[in-house]
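Here is how the chains run, residue by residue.
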Amino acid sequence: MAANEKRPVHLNLLQIRFPVPAVMSIGHRISGVLWILLLPAMIFLVDLSLSGPQGFARAGELLGSVMGRLAAFLLLWALMHHLLAGIRYLALDLDLGIEKQAALATAWWVMLAAPLLAAGLTAGLLP
Amino acid sequence: MSRTASGFRAWILQRISAAWLGLFVLATLGYFLLSPPATFEQWRAFVAHPVVGTLILVTVAVVLLHAWVGIRDVLIDYVPPLALRLTLLSLFGLGFVACGLWALQVILLASGLA
Numbered sequence: 001m002a003a004n005e006k007r008p009v010h011l012n013l014l015q016i017r018f019p020v021p022a023v024m025s026i027g028h029r030i031s032g033v034l035w036i037l038l039l040p041a042m043i044f045l046v047d048l049s050l051s052g053p054q055g056f057a058r059a060g061e062l063l064g065s066v067m068g069r070l071a072a073f074l075l076l077w078a079l080m081h082h083l084l085a086g087i088r089y090l091a092l093d094l095d096l097g098i099e100k101q102a103a104l105a106t107a108w109w110v111m112l113a114a115p116l117l118a119a120g121l122t123a124g125l126l127p
Numbered sequence: 001m002s003r004t005a006s007g008f009r010a011w012i013l014q015r016i017s018a019a020w021l022g023l024f025v026l027a028t029l030g031y032f033l034l035s036p037p038a039t040f041e042q043w044r045a046f047v048a049h050p051v052v053g054t055l056i057l058v059t060v061a062v063v064l065l066h067a068w069v070g071i072r073d074v075l076i077d078y079v080p081p082l083a084l085r086l087t088l089l090s091l092f093g094l095g096f097v098a099c100g101l102w103a104l105q106v107i108l109l110a111s112g113l114a
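Protein chains in written order, with the working numbering: chain S, 1 to 127; chain R, 1 to 114.
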């Protein structure tokens, strides 16, 4: 009962602990919303690239610029994080990796693999 | 839409669409890594192929469905006031319809069908 009286009456974000699976879970949401917000930009880029030889070259220039590479890295990170976290959730739905130790380990794997894959893909796709 | 994309049906739709999108992402990354289009004509011909164009349009529909269920979950969690939530949900819904029509136009134009 004594512990109950010390419960926080407001949610101080600086005092709430965010274990790795929580950060990974928020990352899944952020990456999904990011893709939704940048969906028009994606369609614009495909539209431009298919508008003619000049548009195709222009789309290549946009992607190859420093800003383009940064944007590509960000979107590829979001894609890889969303994909890997999604596979993890599907596995959890099937009771795979549901134990605390395993769930913590796979959350770490998602957090670390997504930026590494994004870096590799950015380098591979935009040489 | 709120009836068809809520509760258990939304849950299962999100997982089926996720599986489709995962496969599409892998195939797309594979294409751009292994045989990226070198010229406009190659790129246009690839997109204009009936099988490719159809797969892209099906995937656009699946993406928008997946996005709708996802943004609905996020808005339900973070925007408690009903009026504001419904306004935002409507705006996203309109945006998704616009994106779908735009993508449809892009693919049909590339295929010489519009």
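No wet-lab data here; the hints were simulated from the structure. Keep in mind it's a predicted model, so treat the numbers as computed, not measured. Honestly, I wouldn't trust all of these hints.
[Unchecked claim] Computed list of chain R residues with no C-beta within reach of chain S, every gap over 10 angstroms: (1) Phe8; (2) Val25; (3) Ala27; (4) Ser35; (5) Thr39; (6) Val47; (7) Pro50; (8) Val63; (9) Val74; (10) Pro80; (11) Leu82; (12) Ala83; (13) Arg85; (14) Val106; (15) Leu109; (16) Leu113.
[To be verified] Computed from the model, here is a short list of chain R residues facing chain S with C-beta under 8 angstroms: (17) Ala18; (18) Arg44; (19) Ala103.
Beta carbons are placed, not taken as given, at the ideal position from N, Cα and C, and that holds for glycine.
Quick rundown of the hints versus the structure:
no.: 1; hint: Phe8; verdict: holds (13 angstroms)
no.: 2; hint: Val25; verdict: violated (6 angstroms)
no.: 3; hint: Ala27; verdict: holds (13 angstroms)
no.: 4; hint: Ser35; verdict: holds (12 angstroms)
no.: 5; hint: Thr39; verdict: violated (7 angstroms)
no.: 6; hint: Val47; verdict: violated (6 angstroms)
no.: 7; hint: Pro50; verdict: holds (16 angstroms)
no.: 8; hint: Val63; verdict: violated (8 angstroms)
no.: 9; hint: Val74; verdict: violated (6 angstroms)
no.: 10; hint: Pro80; verdict: holds (14 angstroms)
no.: 11; hint: Leu82; verdict: holds (21 angstroms)
no.: 12; hint: Ala83; verdict: holds (21 angstroms)
no.: 13; hint: Arg85; verdict: holds (15 angstroms)
no.: 14; hint: Val106; verdict: violated (5 angstroms)
no.: 15; hint: Leu109; verdict: violated (7 angstroms)
no.: 16; hint: Leu113; verdict: holds (13 angstroms)
no.: 17; hint: Ala18; verdict: holds (5 angstroms)
no.: 18; hint: Arg44; verdict: holds (6 angstroms)
no.: 19; hint: Ala103; verdict: holds (5 angstroms)
Comparing the model with each earlier hint shows violations of hints 2, 5, 6, 8, 9, 14 and 15; every other hint is respected.
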